[in-house]
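Note that the protein sequences, when read in sequence, are chains X and R. First residue of the first sequence: 1, per the numbering used here; consecutive thereafter. First residue of the second sequence: 1, per the numbering used here; consecutive thereafter.
Hint data in this document are derived by calculation from the structure and do not stem from the laboratory. Values in this document were obtained by computation on a predicted structure and should not be read as measured data. Careful, some of the hints might be misleading.
No copy is singled out in the list; a pair is fine if it fits within one copy or between any two copies.
With a cut-off of at most 20 Å between alpha-carbon atoms, the simulated EDC-like pairs for lysine to aspartate or glutamate come out as follows [what the hints assert, rightly or not]:
| hint | residue 1 | residue 2 |
| --- | --- | --- |
| 1 | K68 | D153 |
| 2 | K380 | E394 |
| 3 | K415 | D79 |
| 4 | K68 | D157 |
| 5 | K358 | E394 |
| 6 | K367 | D383 |
| 7 | K349 | D75 |
| 8 | K349 | E394 |
| 9 | K415 | D75 |
| 10 | K414 | D157 |
| 11 | K367 | E394 |
| 12 | K367 | D79 |
| 13 | K358 | D383 |
| 14 | K414 | D348 |
| 15 | K415 | D348 |
Protein chains: 2
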Amino acid sequence: MVSTAVPPRTLSSTFLLGLASVASWFIVRPFLDPIPSLSGLYTSIGFSLFAFIATLYLVPALGPTFIKAHLSGRDLLKDYATPIPESLGLVCASVYTLALILFIPFAFSDSLTIHLTQTPEGIFVPEFPHSRLSVYLSSLLSLLMTTILGFLDDVFDIRWRHKLPIPIIASIPLLMVYFAERGNTHIVVPLPLRFLLGSLLNLGGINGSEVGQALIIATSVILNDLFTSLGQLASVYRSTFSGVRQNAGMAYGSKELVERHLFSPYFMLPLVAVCSGFMYHNWYPARAFPGDTLCYVTGMAFAVVGIQGHFSKTLLLFFLPQIFNFVLSCPQLFGLVPCPRHRVPRFDKVTNLLHPSKAIFMKPPSKLAATVLWILSFFKLVDLTLHLSGVILETTNLTILNFFLVRLGPMNEKKLVQVLICCQICGSVLAFSVRYGLAGLVYDGDRR
Amino acid sequence: MVSTAVPPRTLSSTFLLGLASVASWFIVRPFLDPIPSLSGLYTSIGFSLFAFIATLYLVPALGPTFIKAHLSGRDLLKDYATPIPESLGLVCASVYTLALILFIPFAFSDSLTIHLTQTPEGIFVPEFPHSRLSVYLSSLLSLLMTTILGFLDDVFDIRWRHKLPIPIIASIPLLMVYFAERGNTHIVVPLPLRFLLGSLLNLGGINGSEVGQALIIATSVILNDLFTSLGQLASVYRSTFSGVRQNAGMAYGSKELVERHLFSPYFMLPLVAVCSGFMYHNWYPARAFPGDTLCYVTGMAFAVVGIQGHFSKTLLLFFLPQIFNFVLSCPQLFGLVPCPRHRVPRFDKVTNLLHPSKAIFMKPPSKLAATVLWILSFFKLVDLTLHLSGVILETTNLTILNFFLVRLGPMNEKKLVQVLICCQICGSVLAFSVRYGLAGLVYDGDRR
Numbered sequence: 001m002v003s004t005a006v007p008p009r010t011l012s013s014t015f016l017l018g019l020a021s022v023a024s025w026f027i028v029r030p031f032l033d034p035i036p037s038l039s040g041l042y043t044s045i046g047f048s049l050f051a052f053i054a055t056l057y058l059v060p061a062l063g064p065t066f067i068k069a070h071l072s073g074r075d076l077l078k079d080y081a082t083p084i085p086e087s088l089g090l091v092c093a094s095v096y097t098l099a100l101i102l103f104i105p106f107a108f109s110d111s112l113t114i115h116l117t118q119t120p121e122g123i124f125v126p127e128f129p130h131s132r133l134s135v136y137l138s139s140l141l142s143l144l145m146t147t148i149l150g151f152l153d154d155v156f157d158i159r160w161r162h163k164l165p166i167p168i169i170a171s172i173p174l175l176m177v178y179f180a181e182r183g184n185t186h187i188v189v190p191l192p193l194r195f196l197l198g199s200l201l202n203l204g205g206i207n208g209s210e211v212g213q214a215l216i217i218a219t220s221v222i223l224n225d226l227f228t229s230l231g232q233l234a235s236v237y238r239s240t241f242s243g244v245r246q247n248a249g250m251a252y253g254s255k256e257l258v259e260r261h262l263f264s265p266y267f268m269l270p271l272v273a274v275c276s277g278f279m280y281h282n283w284y285p286a287r288a289f290p291g292d293t294l295c296y297v298t299g300m301a302f303a304v305v306g307i308q309g310h311f312s313k314t315l316l317l318f319f320l321p322q323i324f325n326f327v328l329s330c331p332q333l334f335g336l337v338p339c340p341r342h343r344v345p346r347f348d349k350v351t352n353l354l355h356p357s358k359a360i361f362m363k364p365p366s367k368l369a370a371t372v373l374w375i376l377s378f379f380k381l382v383d384l385t386l387h388l389s390g391v392i393l394e395t396t397n398l399t400i401l402n403f404f405l406v407r408l409g410p411m412n413e414k415k416l417v418q419v420l421i422c423c424q425i426c427g428s429v430l431a432f433s434v435r436y437g438l439a440g441l442v443y444d445g446d447r448r
Numbered sequence: 001m002v003s004t005a006v007p008p009r010t011l012s013s014t015f016l017l018g019l020a021s022v023a024s025w026f027i028v029r030p031f032l033d034p035i036p037s038l039s040g041l042y043t044s045i046g047f048s049l050f051a052f053i054a055t056l057y058l059v060p061a062l063g064p065t066f067i068k069a070h071l072s073g074r075d076l077l078k079d080y081a082t083p084i085p086e087s088l089g090l091v092c093a094s095v096y097t098l099a100l101i102l103f104i105p106f107a108f109s110d111s112l113t114i115h116l117t118q119t120p121e122g123i124f125v126p127e128f129p130h131s132r133l134s135v136y137l138s139s140l141l142s143l144l145m146t147t148i149l150g151f152l153d154d155v156f157d158i159r160w161r162h163k164l165p166i167p168i169i170a171s172i173p174l175l176m177v178y179f180a181e182r183g184n185t186h187i188v189v190p191l192p193l194r195f196l197l198g199s200l201l202n203l204g205g206i207n208g209s210e211v212g213q214a215l216i217i218a219t220s221v222i223l224n225d226l227f228t229s230l231g232q233l234a235s236v237y238r239s240t241f242s243g244v245r246q247n248a249g250m251a252y253g254s255k256e257l258v259e260r261h262l263f264s265p266y267f268m269l270p271l272v273a274v275c276s277g278f279m280y281h282n283w284y285p286a287r288a289f290p291g292d293t294l295c296y297v298t299g300m301a302f303a304v305v306g307i308q309g310h311f312s313k314t315l316l317l318f319f320l321p322q323i324f325n326f327v328l329s330c331p332q333l334f335g336l337v338p339c340p341r342h343r344v345p346r347f348d349k350v351t352n353l354l355h356p357s358k359a360i361f362m363k364p365p366s367k368l369a370a371t372v373l374w375i376l377s378f379f380k381l382v383d384l385t386l387h388l389s390g391v392i393l394e395t396t397n398l399t400i401l402n403f404f405l406v407r408l409g410p411m412n413e414k415k416l417v418q419v420l421i422c423c424q425i426c427g428s429v430l431a432f433s434v435r436y437g438l439a440g441l442v443y444d445g446d447r448r
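The whole structure should be built from the sequences, with the hints applied where relevant.
Here it is, written out as C-alpha cells:
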C-alpha cells in the first residue's frame with residue numbers, strides 16, 4: 001500500500017484577500033478613531049493577521065527552494081519516500097521577527113502622545129519610553145540571534161554538545177542591556193529557565209506536534225494576560241464604586257501593569273499567527289517540516305515574554321506536558337537506561353499504526369535502573385519486556401509520546417498528535433485553575 | 001601544469017596566545033586606571049583583537065563544515081578544481097556582531113558614572129543614555145538582518161530581482177526606531193545611499209578584493225574620526241590658551257561630537273579586525289571565499305556609521321574606486337552594451353595571467369552605444385575589437401578590474417588585487433586631501 005506523496009495544500013485566494021482586508025481594517029482602525037492604550041493592540045492584531053497570511057502563502061511557495069538547497073528530509077512515519085522540505089520554521093521565524101520590527105512605531109507611538117515633560121527651558125517635550133524601547137529591541141535581537149543559530153543548526157547539523165551554548169549566546173543581547181542599564185529596568189534573566197524552554201519544546205517527531213504545542217502555550221499566555229487585565233480593571237472599578245479614593249499612584253501603578261501585560265500580547269499574537277499558518281501545512285500528513293529554528297525561536301519568545309512580563313511561574317505551569325516529558329526522560333538522558341538515537345514511536349507500515357519504540361538492554365540493568373523502571377512500570381508509564389528469570393530485557397522509550405501509546409494502545413499518527421494537543425490543553429486548563437483558583441483560596445475572596 | 005590545491009594556512013599558537021594576552025590587557029586596563037571617555041575605546045580595541053583571533057582561528061576550522069553543507073565553489077581563476085569553502089563571510093559577520101553585542105555594557109557604562117540628574121524627589125539618579133542605546137541596538141538589528149539575508153542569499157541563491165529589497169528590509173529596524181522616536185535622535189536615513197553601499201562593494205571576483213576594499217575603507221573611517229577628534233581637541237586648547245572664555249555650551253557640544261565620533265570606531269574597529277583575520281585566509285591563493293554575506297554586512301556597517309556619525313559625504317569619498325566602477329559599468333547595467341553573466345577577467349592557464357574579459361556584439365551596436373564606447377576607448381578605459389569596416393565587434397567588459405588590465409596589460413591575479421588595493425588607498429588619500437585640504441582653502445587657515 002505504497003501511496004505517492006500528497007501535493008501541497010492550496011488556499012483559495014478569495015479567503016486570503018478577505019483576510020487581508022480584515023487585517024487592514026485592524027491597522028487602519030486606530031487612525032480613524034484613536035482608543036487610548038488599546039490602539040497598539042488593534043495594530044498588533046492587524047499585523048498578526050498579515051503574518052498569518054504571509055506564512056500560509058510563503059511555506060508552500062518556498063518549499064521547492066528549500067529542497068533545492070538540500071534542506072529536505074524523508075518523513076520517518078510514512079510509507080512514501082518523497083522528500084519533504086525541512087527547516088521551514090525559518091520562514092515562520094522571519095515573518096515573526098519582521099512583523100515585530102514593523103510594529104515598533106505603533107508600539108511606542110501611543111506613549112508619545114500621553115507623557116509630556118517640561119525641559120529646563122520650559123518647553124514641553126514628549127517623554128519617550130526609551131527604556132521600554134531598549135527592552136523591546138534587545139528582545140528582538142535575542143530572537144534574531146536565535147533564528148540565525150537555529151538555522152545554522154539546520155544547515156550545518158551542529159553536534160549536541162556544541163548546541164548547549166546556543167541559548168546562552170542568544171540571550172546575550174538581553175543580558176547585556178540588563179548589565180548596561182544596571183537594574184534601571186526590571187529585567188531578571190534566569191538563564192537556566194531560558195535554556196529549558198528552548199529544549200523542552202523539542203519533544204516532537206510527529207507531524208504538527210511542535211507547532212501545536214507552541215500554539216497552545218502562546219494562546220494560554222494571551223488568555224492569562226486578558227484575565228490579569230480584566231481582574232485589574234475590575235478591582236479599579238470596585239474600589240471606585242465602594243468610595244475608596246483612587247490615588248494617582250495606584251492609577252499609575254495599574255497603568256504600568258497594563259503596559260507590562262501589553263508587552264506580552266505584542267510578542268504572542270504574531271507568534272500565534274505564524275504558528276497557525278504553519279500548522280496548516282505541517283498538519284498530518286505534513287507538507288513541510290519545521291526544523292530546529294521553530295523550536296528555538298518559540299522557546300526564546302516564551303522566555304522573553306515570561307521574563308519581561310514577570311510571570312515566569314505562571315508560564316512554567318503552561319509547560320506541564322513538556323516538564324512531564326523531561327522528568328520522564330531523565331533516566332535515559334542521564335545514562336541510567338540505554339538511549340537510542342531516535343526515540344520517536346515505531347511505525348508499522350502494514351497497519352499504519354504507531355507503536356511505542358523500545359530501548360534494548362545489551363547487559364542486565366543496574367539495580368538502580370531496574371528499581372526506577374519497576375516503579376515507572378507500576379504507574380503504567382513504561383512497558384517492560386522480561387526474561388523468564390525476571391531480568392529486564394527491553395523497555396519502551398521514556399517519552400510522553402511512547403507513554404501515550406503504552407497507556408492508550410497503538411494508534412495512528414493523526415490520533416497521537418490529537419492526544420498530545422488535548423493533553424497540552426488540559427495542562428493549560430489545570431494551570432489556569434491553579435493560578436486563579438488556588439490564589440483565591442490563599443488570598444481573601446475579593447481577589448479571586 | 002596542474003597543481004594540487006594548497007592546504008589551509010596555519011597559525012602558530014604562540015602568536016595567537018600572545019595576541020590574546022595583549023587583547024586582555026586592553027580590556028582590563030580601564031578597570032585598573034579609568035580614563036574618562038577613552039575607556040570605551042580601550043575595551044573596543046581589546047574586543048577587536050579577540051575578534052581578529054576568532055576569525056583567524058574559526059575560518060579554517062569551519063571550512064570542512066561549510067563544504068559538507070554544500071557551501072563550496074571552484075576558484076574560477078585557478079587551474080585546480082578542489083572545492084574551496086564558500087560563504088565564510090558568515091563567520092566574519094557572526095564574530096563581528098557578537099563582538100558588538102558583548103561590547104554593549106562597556107559602550108554605555110562610561111556615561112553612567114558621568115551624568116547625574118535629580119529626580120523630583122531629590123534623589124540623584126544616573127541619567128542613562130537610552131536614546132543612544134536604542135540607536136546602537138537598532139544598528140545591531142540592521143546588521144543581524146543583513147547577516148541573515150546575506151546568508152539566505154548564499155544558501156538559496158536568490159535571483160537578482162528578489163535581491164533588490166534586501167537592503168531595504170535590512171534597514172527597517174533603523175527606520176522604525178527613527179519613526180518611533182520621531183526625530184528625537186538625529187538619524188537621517190538616506191535609503192538609496194544605503195542600498196548603494198551594499199552593492200558597490202561587490203566588484204570582486206578575485207581573491208582578496210572584497211575584504212581588501214572593506215579593510216581600507218574601514219581604516220579610512222577610523223583615521224577620519226581620529227583627525228576630527230584631534231582637530232577638535234586642538235581648537236579647544238587653542239581657544240583656551242588664546243584667552244577666549246570656554247563656555248559650558250561649547251564644552252558640551254564638543255563632548256557630544258566626541259561621543260558621536262566614538263560611535264563610529266566602536267563599529268569600525270571590530271570590522272577592521274574580522275576583515276584582516278579573514279584576509280589572511282582569503283589572500284591569493286584563497287583558502288576560503290567570503291560569499292555575499294560579507295559584502296552585505298560591511299556595506300551595512302558603513303551605512304550605519306555614515307548615517308549615525310553624520311559624515312555621509314566624507315564616507316562617499318572613500319568609495320571613489322567603487323563609484324568609478326559603478327559609473328563605468330552603467331552602459332552594461334542599463335543594457336546599452338551586452339552584459340555577460342560573469343565579467344571577471346579571463347584566466348589564461350598557460351601563462352597564469354589574467355586578461356580583460358570581453359563582451360561580444362551579436363548585432364552592430366546602436367549609434368549611442370558606439371559613441372559611448374568610442375569615448376571610453378579614447379580615454380583608454382576599454383579596448384575595442386573592430387571589423388575592417390570600423391564596426392565594433394567586441395569590447396572589454398566595463399569594470400574597474402578589466403580597466404586595470406587594459407591600461408597595465410595582462411598580469412597575474414595577485415598583482416591585480418595589489419593594484420586594486422593600491423588604487424583604493426590612493427582613493428582614500430585623495431579623499432582626505434579633499435576633505436581637509438580643500439576645507440582649509442575654503443575656510444580660513446585656522447581651521448585647517
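Do the hints match the structure? See the list:
1. K68 / D153: both (18 Å within a copy, 13 Å between copies)
2. K380 / E394: within (15 Å within a copy, 82 Å between copies)
3. K415 / D79: Within one copy, since 17 Å is at most 20 Å while 59 Å is not.
4. K68 / D157: both (17 Å within a copy, 10 Å between copies)
5. K358 / E394: within (6 Å within a copy, 71 Å between copies)
6. K367 / D383: The answer is within: 18 Å in one copy meets 20 Å, while 85 Å across copies does not.
7. K349 / D75: within (13 Å within a copy, 48 Å between copies)
8. K349 / E394: neither (22 Å within a copy, 64 Å between copies)
9. K415 / D75: within (17 Å within a copy, 53 Å between copies)
10. K414 / D157: Answer is neither: 28 Å inside a copy and 36 Å across each miss the 20 Å cutoff.
11. K367 / E394: Result: close within a single copy only, 15 Å intra versus 84 Å inter.
12. K367 / D79: neither (40 Å within a copy, 65 Å between copies)
13. K358 / D383: Close inside one copy (9 Å), not across copies (73 Å); limit 20 Å.
14. K414 / D348: within (14 Å within a copy, 61 Å between copies)
15. K415 / D348: So K415 and D348 pass the 20 Å test inside one copy only (15 Å; across, 65 Å).
Violated hints for the displayed structure, listed by number in ascending order: 8, 10, 12.
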